[in-house]
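Novice: Below, each chain spelled out in residue letters.
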Amino acid sequence: MPEAIEKISIQLKVNGKSHTVKVEPRILLVELLRENLDLTGTHVGCDTTYCGACTVLLNGAAVKSCTMFAVQADGAEITTVEGMEKEGVLHPIQKAFGDCYGLQCGYCTPGFMLSAVQLLAKNKKPSEKDIRKAIAGNTCRCTGYQNIFKAIQQAAENMKGA
Amino acid sequence: MLSQLGDDAKLLAGGQSLIPLMKLRFANPQHLVDLNFISGTSYIKEDGGTLRFGAMTRHAEIESSAAVAKIPILHDCAAGIADVQVRNRGTIGGSLAEADPSGDWAAVLMTLTTEVRSLGPNGERSIALADFIKDAYTTALAHDELLSEVSVKIPAKGSGGAYLAFKRSAPVYPTASAAVQLTMEGEVCKDAAIVLGCVGLMAIKATDAESVLRGKPINDKTMDSAMEAARSVAEPQSDMRGSADYKRTLVGALVKRAIGYAVRRARGEQVEVSHIYA
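Residue numbers (this note's numbering), protein chains in the order written: chain A, 1 to 162; chain B, 1 to 278.
By construction, these hints were calculated from the structure, which means they are not laboratory data.
The beta carbon of each residue, even a glycine, is placed where N, CA and C say it ideally should be.
Among the hints, erroneous ones may be present.
[What the hints assert, rightly or not] Listed next, with one range per pair, are the computed distances between beta-carbon atoms:
{"no.": "1", "chain 1": "B", "residue 1": "S232", "chain 2": "A", "residue 2": "E6", "range": "50 to 60 Å"}
{"no.": "2", "chain 1": "A", "residue 1": "E24", "chain 2": "B", "residue 2": "D7", "range": "19 to 29 Å"}
{"no.": "3", "chain 1": "B", "residue 1": "S64", "chain 2": "A", "residue 2": "A4", "range": "20 to 30 Å"}
{"no.": "4", "chain 1": "B", "residue 1": "M240", "chain 2": "A", "residue 2": "E24", "range": "29 to 39 Å"}
{"no.": "5", "chain 1": "B", "residue 1": "S64", "chain 2": "A", "residue 2": "C142", "range": "29 to 39 Å"}
{"no.": "6", "chain 1": "B", "residue 1": "G48", "chain 2": "A", "residue 2": "S18", "range": "39 to 49 Å"}
{"no.": "7", "chain 1": "A", "residue 1": "A4", "chain 2": "B", "residue 2": "G49", "range": "48 to 58 Å"}
Working from the sequences, and respecting the hints, build out all of it.
Specialist: Here is the structure:
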């Protein structure tokens, strides 16, 4: 029998809501979000730091939540796809992904949208190259990327003055 | 703490190499000491003629630093590592201490005068980068020492460099890469540093290729000779990224292109350099 692993108590804010949870130190942030907090919108694609399906915002910065431990998020603010919609209204990026057919199976979509959130928070008028660079860490096997690209352009346009 | 835990302990910096290695069971530390909560370890300071980076400075911070923009080869490196998400977490100190044969920073920093500061129970010491990296995944650090700072001498005016990698996609390691820093005096190359990445167990300083350029004008003929000299010192392994022959050919071509960019930057031209994606 492996010896029981001591759990560590951490506090973090996820989508504006404070949580105090006890986790084993080996647990990844994506596992905490999906298994403990039931936020299953964050997906595990490759689990090798490649595909970006698990992208969330850590204090506003896009990170791959399969490549950090949950205990490392102690004291942090996390945004997942569930935190994008506000009072029943889709985030402009979510709306643009729908309008522009920026998704097909949808598995990679939460990761792409959160990468887009970081981009548009820092850069209100991204160039074509800025957009391509911002989503280089996200993999989509359905769309061929063109409609994702258009969705982010559309969102940037719609968010002007926001 | 590391002395107490013994050599089964590992330091966790950005985790963008170590955590994937642990998932693959290539690394199996009994203890991880997380450096992320230690304040004051992430900074970029210009100090006389030197740029000093705290070990925990993230690639993304280096990418957006105005001080770094003045040394374009450093910006090329920081802005081209993997993708946004990895750059937001990965650190310069972690990259050097990991000493992955495919890591970007070692190749780039070897073209400049770079020193690594380490900290341990016996105090601090400074190690020249060339002496710091001993082998693949092996550095001069003792198990109870950590890397605290990376300091880079700011190149003189008239010096320019570029870092160019060939990658199959953004998140993966390059297939091959070349870092070139040239000091020009008119049309003549006064000094040259050429380092090859991902084509050996460590970054390879192509000293013969450097000698080919030193004291000569940069033209097609000298560039081709440097390219050939660089090819002959590469020691690539065939793997899923390409055959050894392919990588040898590729790294030469990258050296030639990087020389072209470096010359233009040494003249003071603003040149945007981006990695080449397959």
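Novice: A separate judgement is required for each hint: does it hold in the structure or not?
Specialist: Against the structure, the hints come out as follows:
| no. | hint | in the structure |
| --- | --- | --- |
| 1 | S232(B) - E6(A): 50 to 60 Å | 55 Å, holds |
| 2 | E24(A) - D7(B): 19 to 29 Å | 24 Å, holds |
| 3 | S64(B) - A4(A): 20 to 30 Å | 44 Å, violated |
| 4 | M240(B) - E24(A): 29 to 39 Å | 34 Å, holds |
| 5 | S64(B) - C142(A): 29 to 39 Å | 32 Å, holds |
| 6 | G48(B) - S18(A): 39 to 49 Å | 46 Å, holds |
| 7 | A4(A) - G49(B): 48 to 58 Å | 55 Å, holds |
Checked against the numbered hints above, the structure violates only hint 3.
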